[in-house]
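Undergrad: Note that the protein sequences, when read in sequence, are chains A, B, C, D, E and F. Using the numbering used here, you'd call the opening residue of the first sequence number 1343 and step up by one each time. Using the numbering used here, you'd call the opening residue of the second sequence number 1343 and step up by one each time. Using the numbering used here, you'd call the opening residue of the third sequence number 1343 and step up by one each time. Using the numbering used here, you'd call the opening residue of the fourth sequence number 1343 and step up by one each time. Using the numbering used here, you'd call the opening residue of the fifth sequence number 1343 and step up by one each time. Using the numbering used here, you'd call the opening residue of the sixth sequence number 1343 and step up by one each time.
Rather than coming from a laboratory, the hints here were simulated on the basis of the structure. Here the structure is a predicted model, which means the values were calculated and not measured. Treat the hints with care, as some may be off.
Below, computed lysine to aspartate or glutamate pairings styled on DMTMM-like, alpha-carbon distance capped at 25 Å [stated by the list, open to error]: (1) B/Lys1487 to A/Glu1434; (2) B/Lys1488 to C/Asp1379; (3) E/Lys1487 to F/Glu1550; (4) C/Lys1487 to D/Glu1550; (5) A/Lys1572 to B/Glu1550; (6) D/Lys1492 to D/Glu1502; (7) D/Lys1488 to E/Glu1434; (8) A/Lys1488 to F/Glu1550.
Protein chains: 6
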Amino acid sequence: MNRSRSDGRKSGDLRSIHFQLAFNRFAEGSVLTCFGDTVVLCNASVEETVPPFLRGQGRGWITAEYAMIPRAGQTRSPRESVRGKINGRTHEIQRLIGRSLRAVTDLSLLGERTIVLDCDVLQADGGTRTAAVTGSCLALFMALKKMLEKGQIGSFPLREMVAAVSVGLVEGIPLIDLNYEEDSRAAVDMNFVVTESGHFVEIQGTGEEAPFTGEDFEALRELALSGIRKLIHLQQEALR
Amino acid sequence: MNRSRSDGRKSGDLRSIHFQLAFNRFAEGSVLTCFGDTVVLCNASVEETVPPFLRGQGRGWITAEYAMIPRAGQTRSPRESVRGKINGRTHEIQRLIGRSLRAVTDLSLLGERTIVLDCDVLQADGGTRTAAVTGSCLALFMALKKMLEKGQIGSFPLREMVAAVSVGLVEGIPLIDLNYEEDSRAAVDMNFVVTESGHFVEIQGTGEEAPFTGEDFEALRELALSGIRKLIHLQQEALR
Amino acid sequence: MNRSRSDGRKSGDLRSIHFQLAFNRFAEGSVLTCFGDTVVLCNASVEETVPPFLRGQGRGWITAEYAMIPRAGQTRSPRESVRGKINGRTHEIQRLIGRSLRAVTDLSLLGERTIVLDCDVLQADGGTRTAAVTGSCLALFMALKKMLEKGQIGSFPLREMVAAVSVGLVEGIPLIDLNYEEDSRAAVDMNFVVTESGHFVEIQGTGEEAPFTGEDFEALRELALSGIRKLIHLQQEALR
Amino acid sequence: MNRSRSDGRKSGDLRSIHFQLAFNRFAEGSVLTCFGDTVVLCNASVEETVPPFLRGQGRGWITAEYAMIPRAGQTRSPRESVRGKINGRTHEIQRLIGRSLRAVTDLSLLGERTIVLDCDVLQADGGTRTAAVTGSCLALFMALKKMLEKGQIGSFPLREMVAAVSVGLVEGIPLIDLNYEEDSRAAVDMNFVVTESGHFVEIQGTGEEAPFTGEDFEALRELALSGIRKLIHLQQEALR
Amino acid sequence: MNRSRSDGRKSGDLRSIHFQLAFNRFAEGSVLTCFGDTVVLCNASVEETVPPFLRGQGRGWITAEYAMIPRAGQTRSPRESVRGKINGRTHEIQRLIGRSLRAVTDLSLLGERTIVLDCDVLQADGGTRTAAVTGSCLALFMALKKMLEKGQIGSFPLREMVAAVSVGLVEGIPLIDLNYEEDSRAAVDMNFVVTESGHFVEIQGTGEEAPFTGEDFEALRELALSGIRKLIHLQQEALR
Amino acid sequence: MNRSRSDGRKSGDLRSIHFQLAFNRFAEGSVLTCFGDTVVLCNASVEETVPPFLRGQGRGWITAEYAMIPRAGQTRSPRESVRGKINGRTHEIQRLIGRSLRAVTDLSLLGERTIVLDCDVLQADGGTRTAAVTGSCLALFMALKKMLEKGQIGSFPLREMVAAVSVGLVEGIPLIDLNYEEDSRAAVDMNFVVTESGHFVEIQGTGEEAPFTGEDFEALRELALSGIRKLIHLQQEALR
């Protein structure tokens, strides 16, 4: 489990993680998030409406949209606005981001407002969804802080931070924060979204290439939890 | 954990499960699948092509489509063909079904063919995706058997059966195979897809309402595994 | 005109007709309709709105949607929700079903409500539109009866039953209730929608393969009227 | 049955009918067709391909498209290209035009070519579909003549002319070639497409407002046949 | 600069220009506009609403839609309603027409109304956008006159006429009002929209084939201005 | 003409201009382009195909796509992929970028390849299209240089640099490189695309608010040309 990887990391090492706050000057919260060569711009926008199913209840909502620019990856992909449809993977990811942030927010403190997290992937080298969740939590924090300062809300709705990380089994070895090359060789692929207090918000694991055992799951979970603790620490440093 | 539920079940009881084979006479495999009041028609179609990314490799593919008829549920929903878009939930489910079946099939034995599993929900009372996976595995079995009998393939590509079940935490109590009413009250919601040999193909858990602990996860996993064993047994009975 | 057909029927014989009432337990009216191997699920939903052009007039509306599941027929067809468009044939059929039911209903007795008839073809062997009209009339009856019992309406709006049947010229011989194989050989193809009292609601006849004479038309009309009488009788039996 | 109408016509009078040949100078056949205030531009284009289902059979195809410019009618309607969808009525009409022309053409004489009839309604005052069929037959004639002159085809594929007319019951009186105002008051509405030799290609009748009797049908049919004879005569004059 | 062109014109000659007023009898303004073989039907419709961004301001709006019928040109093009999208060129042209007309209209005199100019190209031989602007100005004039006569508006909102013409460099020679054949050989292609008083509303010039000099621009501008004076004169004659 | 602007600039001053080369590490050419607070990421991708109309001619093509991320501006705009359509302004801009780059490139030296310039606006404060053209020229340069180094092409196809700048009349004063606030107050709005050698590729001017004179045009042109010279100089510095 100590074997080094193509980029020299040990199995439990995260890639180099950076958060550049206020990258965009108009958004209420904005974080350029880098997990190695994966770069995601997370912008939080505060809107004074809620979706129809919530109207008149005095509660708020958090939602997310996710997209890749066409040349985020090694080859160019057609633009979704040109194809006129959003694909299934995009849907899955943006639903995941929204659920993850709602799980750590007291929506009743938002008033009838929606916070939209736009996660635009500028460069993609694996782990875009986990970078998007982790960076969006910071962008949400910034937007909520601005709302509190402006007096739009009376108390801070974010209960605790949340972060996400990928883990996988590559040639039988559990690895954390897989880059694209590792991800494409992984037999088992999991994403964990976990709160600052160590509670699980999402567990998504798939063993399409090879169904996995309970022991495999335990090993991957431990690896993920150690990575999450580091990510939460880095989030907190970025906010200082 | 013994408290009875609205429909009189114990926490670990599945609903009444039925598989009506050959419901549709044209499809190569067809199973009307009932998990209580949830009714899903799973039809398997064999097509003599593969998606572009697989052409010329001599291997096959399995994919799935999922839809609900407009009045499957308690109120009518607009038809996706009328809205002109497939929503995110539909995308997630059909991708899950496809991955689950591919995980137990040796695609190299299929030749350059695609098997499409169409899962049309005729009545929806919670657990439509788990019914769809479980019924589709039977429909796939039937289609593969027909291919073997006709000599289209030389050996049987399905390595083992696969089944799926939902579990959730409702008022702190772990329940299995939730109906719609239970599902809407669940704080934690998980789906397990597990093979006949007890390996995991998919774990999807979300605690949007309340992030959950490692112990919660263990309890839900045990409940799910016991239900999967019953479902696999019922699949085998249906095939006899 | 007595020559037997591929399935042994005489030229004037309907296929075996079945109506399974309350197939779906949520819909206000629900009828699984079988004309031989053609199987259409007709669900009636009562909605408390009317289309914009009728608002504020105190009258109701009846409309229909029609779709085939992908593997209804001998080969799989792409799902319309995936193609993102409804084709011309679908439009023609759902407009026909709506007109047929409105013709026998006093819409002023419905209040500002819409009854939507969803006709989902589960298996297709010719005559899906005539099965859909005939089964939808029963589903509409059930929904209206429920509305009357609940006191939503004060008197029964359905003036009389309506049924539909196909007729065609195959090798010069007039046949009724054509199956798929007969339909594809028919030079002239007609659909009649006729009320219990023998009035015509719709006549649609096309002789794309061979324009037809007035005498041909008379013969086909007689055949259709005899079939309609049997169908209306079977509807009435089903309601008992 | 002799009562005069809002525009002074007798019940059996057609409106003023004009065909302006070669309105568009690029199309192989082009006819500006006027049925009173209804104006339809029918352009025939010859294309050197056939739809996929006909490839390699050496036969041709005829198809039609129908559209209204936004201000064809008394109020402006949204453009279908803006709405991004073709509505059901448009589909019905363009399918009808295609079938009507194919019924009088020997497609085996066309070679692997498609003739597309574009029917663009410039002004709409009822009866646009019957004007479109009647004018398109002339446009088709012109295009086929040009093909024969150029030696693209060896013999003339049009077996005979075809024309179409609307009839309806307005306040119990059978009227022919209804204008918009009459059409909106009609209880029964029928369209007949009939060949030069008096054979029926299409009969479409709907009694949504009031189901009709066999005698009603006979009266409307006789009225239609007399109108068709006049239209065919006018087509022949236009070609001279 | 005196060399004659394929159709015998001198470099500064417009094609034969015709305006047929009231071509469509329903539209508030309607002008069939011919620039040689280019034929555009311009219909003005008055609607009693304004776009959302203008509501409640007491001002009106003018907008335009542009389309070509499929066989406008030498070969048939697919219908935009069938492709389900409007292409970039269409967007550019309809935005140009709208801006050109708004520039000469006092929108505050319209009340909360929108005038929609529908420009449908019936035949295309180059210069469809300039014919559309020039004809639409007349259609707008007619619609405004009708509004004034009916008392819907108190004073005439059109400040002055506006017209448009194309110019281009073909083999180094500046030409005006290019037909399709000339346009496809032009290295530089410009459109000028100019008011009756000689002010510029739009200048659009592109030298994709060959970037052009300041002197080229001067020569083309002079040519355009002389053509605009003639077009404005012809507009005024048409209104007499 | 010397009056200072809201951000302290003189009328002829460009905003602060920056080009960050190789922002994205996968694209063949990548430039993060800043014109003040306007930030556009221009990525060039080389693809081994050409559009259908160019196949088999041995020549290449250059095309562009333009999009804004949802929170580029002061308020959030819906994502075009969600709306399922590209709006007219987007179409206009991406066509402009493509034409501008093709005008300075010898496409016959590219081989049958397409270079796609993706211009994604990360922050929008006016002048996004001119920043996109100017930055895309650098991204194209980089991609072509890489192709030359790899031996894919034998000589350098870019004849000279091209840059773009906006000018406008604000309260009668000609200003260059307008920011959003200035742009929204401009009565006349022009964009110039000009080559290194001072030739015009595009002139687009619109005086929707107030038609403009020949003298206005001259003043704006001079201002634009002086800005272009500075931009070309900055491009050349960036490449060193």
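Undergrad: Would you mind marking each hint as holding or not holding in the structure?
TA: Tested hints:
1. B/Lys1487 to A/Glu1434: Given pair B/Lys1487, A/Glu1434 is violated - Cα atoms ~34 Å apart, limit 25 Å.
2. B/Lys1488 to C/Asp1379: holds, 21 Å
3. E/Lys1487 to F/Glu1550: holds, 22 Å
4. C/Lys1487 to D/Glu1550: Holds: C/Lys1487 and D/Glu1550 sit about 22 Å apart, inside 25 Å.
5. A/Lys1572 to B/Glu1550: holds, 23 Å
6. D/Lys1492 to D/Glu1502: holds, 21 Å
7. D/Lys1488 to E/Glu1434: Not OK: D/Lys1488 and E/Glu1434 at ~37 Å, beyond 25 Å, violated.
8. A/Lys1488 to F/Glu1550: violated, 39 Å
When the structure is compared with the earlier hints, violations turn up for hints 1, 7, 8 and for no others.
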